[in-house]
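Protein chains: 2
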Amino acid sequence: MTGQKEDPEGSRFLTELGSLLDPAGLLTGADVRVRGVGWASLGSCQAMAIARPANTEEVVAILEICRRHVVSVVPLGGGTGLVEGAVAAEHELLLSLERMRSEPQIDPMTRTAVVDAGVTLEQLQNAADAHNLVFPLDLGARGSATIGGNIATNAGGNRVIRFGMMREMVLGLEVVLADGTLLSSLNRMLKNNAGYDLKQLFIGSEGTLGVITRACLRLREKWRSQNAALLSLTSFDNVLKLLKFTDARLGGSLSAFEAMWGGFYDTVTAPHNGIPAPLDRGQPYYVLIEALGGDSPGDRERFETLLAEIYDSGVLQDAAVAESLIQTMSFWQIRDAVEKLLELGPMIMFDVSLPISAMEEYVAGVRERLAARWPDHRCIVWGHLGDSNLHLWITVHSSDPGDRAQVEEIVYAPLHEVGGSISAEHGIGLEKRAYLSLTRTDPEISLMRLLKQTLDPEGILNPGKVIY
Amino acid sequence: MTGQKEDPEGSRFLTELGSLLDPAGLLTGADVRVRGVGWASLGSCQAMAIARPANTEEVVAILEICRRHVVSVVPLGGGTGLVEGAVAAEHELLLSLERMRSEPQIDPMTRTAVVDAGVTLEQLQNAADAHNLVFPLDLGARGSATIGGNIATNAGGNRVIRFGMMREMVLGLEVVLADGTLLSSLNRMLKNNAGYDLKQLFIGSEGTLGVITRACLRLREKWRSQNAALLSLTSFDNVLKLLKFTDARLGGSLSAFEAMWGGFYDTVTAPHNGIPAPLDRGQPYYVLIEALGGDSPGDRERFETLLAEIYDSGVLQDAAVAESLIQTMSFWQIRDAVEKLLELGPMIMFDVSLPISAMEEYVAGVRERLAARWPDHRCIVWGHLGDSNLHLWITVHSSDPGDRAQVEEIVYAPLHEVGGSISAEHGIGLEKRAYLSLTRTDPEISLMRLLKQTLDPEGILNPGKVIY
Chain E
1 MTGQKEDPEG SRFLTELGSL LDPAGLLTGA DVRVRGVGWA SLGSCQAMAI
51 ARPANTEEVV AILEICRRHV VSVVPLGGGT GLVEGAVAAE HELLLSLERM
101 RSEPQIDPMT RTAVVDAGVT LEQLQNAADA HNLVFPLDLG ARGSATIGGN
151 IATNAGGNRV IRFGMMREMV LGLEVVLADG TLLSSLNRML KNNAGYDLKQ
201 LFIGSEGTLG VITRACLRLR EKWRSQNAAL LSLTSFDNVL KLLKFTDARL
251 GGSLSAFEAM WGGFYDTVTA PHNGIPAPLD RGQPYYVLIE ALGGDSPGDR
301 ERFETLLAEI YDSGVLQDAA VAESLIQTMS FWQIRDAVEK LLELGPMIMF
351 DVSLPISAME EYVAGVRERL AARWPDHRCI VWGHLGDSNL HLWITVHSSD
401 PGDRAQVEEI VYAPLHEVGG SISAEHGIGL EKRAYLSLTR TDPEISLMRL
451 LKQTLDPEGI LNPGKVIY
Chain H
1 MTGQKEDPEG SRFLTELGSL LDPAGLLTGA DVRVRGVGWA SLGSCQAMAI
51 ARPANTEEVV AILEICRRHV VSVVPLGGGT GLVEGAVAAE HELLLSLERM
101 RSEPQIDPMT RTAVVDAGVT LEQLQNAADA HNLVFPLDLG ARGSATIGGN
151 IATNAGGNRV IRFGMMREMV LGLEVVLADG TLLSSLNRML KNNAGYDLKQ
201 LFIGSEGTLG VITRACLRLR EKWRSQNAAL LSLTSFDNVL KLLKFTDARL
251 GGSLSAFEAM WGGFYDTVTA PHNGIPAPLD RGQPYYVLIE ALGGDSPGDR
301 ERFETLLAEI YDSGVLQDAA VAESLIQTMS FWQIRDAVEK LLELGPMIMF
351 DVSLPISAME EYVAGVRERL AARWPDHRCI VWGHLGDSNL HLWITVHSSD
401 PGDRAQVEEI VYAPLHEVGG SISAEHGIGL EKRAYLSLTR TDPEISLMRL
451 LKQTLDPEGI LNPGKVIY
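Residue numbers (this note's numbering), protein chains in the order written: chain E, 1 to 468; chain H, 1 to 468.
A few of these clues could be false.
Copies of the same chain look alike in the list, so a pair counts if it works inside one copy or between any two.
Claimed, not checked - Below 27 Å or equal to it, Euclidean Cα-Cα: the simulated DSSO-like pairs (lysine-lysine) are:
id, residue 1, residue 2
1, 222, 241
2, 222, 244
3, 340, 241
4, 340, 244
5, 222, 340
By construction, these hints were calculated from the structure, which means they are not laboratory data.
Whenever a hint applies, use it, and build me the whole structure from the sequences.
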């Protein structure tokens, strides 16, 4: 009757944001709902609004406004995370860095790149390539995933065994803290022991301790040879022997050691999928190895000699060496064709790590417990074995949350005994936080909470993600 | 008159410690004074006492006693640091982990080692070697420096370009916090994104945030070939070309790129030192490169071919390729013979990092300003060039603190403009803390103080080191 708005506080907040940002900088209503909530999720974005700042100064100003109005902020990168780490509720502001993606500044001599958070991984890879350099992080979502998101989640991917995770590639960061402080720490050197290495706090903390706006990243000289082979093996013991052998003998050039349990290979290369199977199907294990070197064609000759040697030793069942870059790509196509698994049923996706010496027994145990409850389940296993990282996609042909919880228990519980982790590379987000205590101790979680409380006392940065 | 002790509180504190520890666990009086204060310092240890716990439980108990009595604790590793990071005043307790050095537990399959903090670097290297593995960190003080100290200072050394600093080799840590909490976080996997990566707080923070008692470290397969060459060059531009060329062409096997300015090489190989000079003296730059590979003798052939190619391109003045492991060692002997520099006068030692593209001008500027004030100064320059790390040892033939301060100003001030760092690998300790703000911003230093205050509210852990 008096014309008062239903939500004067939220309205004042949005008005203030609107006067700070240009029209493209603030989305509300239908412009918000039209957006999804992530690669693997259905539903539409429920955020109160989406702020799309054009530069770091606007990020600072946005956080100041949010703090004043005590509105929570969910930072958003490319939206390709898999653990509900960038899901915003209706009382929260989604802070997307998608407009902060100016051309990366590459310095070919120091081999560094200064990159805006909203730059996609592929954009950076291409910019480096133009200078005959590489940014070695690589993962399937390269076209959408952003550098800011890669840092906030400490992304892994296909070449960790050689180049490490995102953490190892970050030299310096620019971060906006919860109180609006701009922490500009864009170190460009490989070595800098002048005081605490603050950037480590923000790498992998999923936007809960600060908003990453820019980074200085380490680039590498471009490789001149790329050799790959697809191998089949009859026992897990032989897979482990192969890992030790190739890691020792490829002398720093081994860049991928990707294992696929038989079910993965057989499903992906099923005739109706149109993906050729270079090796006979039906073996228990397949491994894709790749070496990146500086000496072509010498590297090729060595790679073949080495494979002949391991073949003669009886470790391999069969082997196919890629004869061309196209064939290398076709091997990777098998490894990357995870979407073909979706035809088996609604999938529950896991990303765990555990000591490789415990893997065979762990997978057998998970399968046994699944079979006891769901005889027709499918459990597909593959992963970055050289990094102790397995992916399990499991279907029990049900979308029931109770079934899901039972499957999660079966997968996560045994990790505790073997010192494994409920997340190797995807992070915790909302999805896994209930299980965090399975792989982190009470004093660890207390210290995480203390850090969160210290850096974000009002709890406005991505609240409820990781810890709660 | 009443028989009261002069220092009843200190005395009660020592009595309590004494009843906790066995007789070998607590040193006082002359047993303390007989000890030095570090590799590069004269004088005797001034600490109130030295506690030498036998296990982690005793470290926990010691910190609880210290907290109750508000006595400061200075953690001590091998005592080979160079920045007064483990110097204890007379009201402080020195906490030496020298008795915690049981045999490292090596797991050859997961290629990890669980190591007590007091184990020396060399002890770990040898233990890994017995399993045909390597722990790749290496530095001159390997026989004394401890793993705990290496972690607390994020040690660098000779092979960072290939294997990273200590930070990259730590998978998990056990740490005792200032309040006596035991933080056991002995992760064994290469990948673990389950929550905040807490170990990063303690690596490189020089004992100011916690006492490291144990670590799980990443080992590598042992290399099968080691090739080295000593090269001379006539311009810094050619040194940079050589770095890019070797890094690209050695495809992941380049393990050292150590540059020596002419003054270093000429001083060390002066005839009276008895260290042979494989290349003519008198050139402006020398570089020692090393490659570690998995394929002997194939690697040897490739190394020679590559050197011939770079030689033919005109980048090198002269080259000597090591014909044997003994000759490789003799090249390293030149690089490591820093003690020969001491004959030039009392040395002020610096460890800085800066973008390699700025190095030539930086060194010229430092020399010019030194020459203007001290025409007879000597400024010897060398370093881990591939890591952007230079060491400068400077003598102005004076031990006067005022002269020292002037030299520090000349070396440190220009780092600010080029985005360099006052410490690449040695840390800050007491020695460099006054200069920290030259290379870290006010918000960075404020955040360091906030972390210190949060983790050690009573300020009992190595107070005054790094920040103050």
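Going down the list of hints, with the structure as the test:
In this assembly of identical chains, residue 222 and residue 241 lie within 27 Å of each other by CA distance solely across copies; the values are 15 Å between and 30 Å within a copy. In this assembly of identical chains, residue 222 and residue 244 lie within 27 Å of each other by CA distance both inside one copy and across copies; the values are 26 Å within and 10 Å between. For a Cα distance limit of 27 Å, the shortest separation of residue 340 from residue 241 qualifies neither inside one copy, at 30 Å, nor across copies, at 47 Å. In this homomeric assembly, residue 340 and residue 244 never come within 27 Å of each other (Cα to Cα): the closest approach is 31 Å inside a single copy and 42 Å across copies.
In this assembly of identical chains, residue 222 and residue 340 lie within 27 Å of each other by CA distance neither inside one copy nor across copies; the values are 32 Å within and 39 Å between.
Hints 3, 4 and 5 from the list above are not met by this structure, while the remaining hints are.
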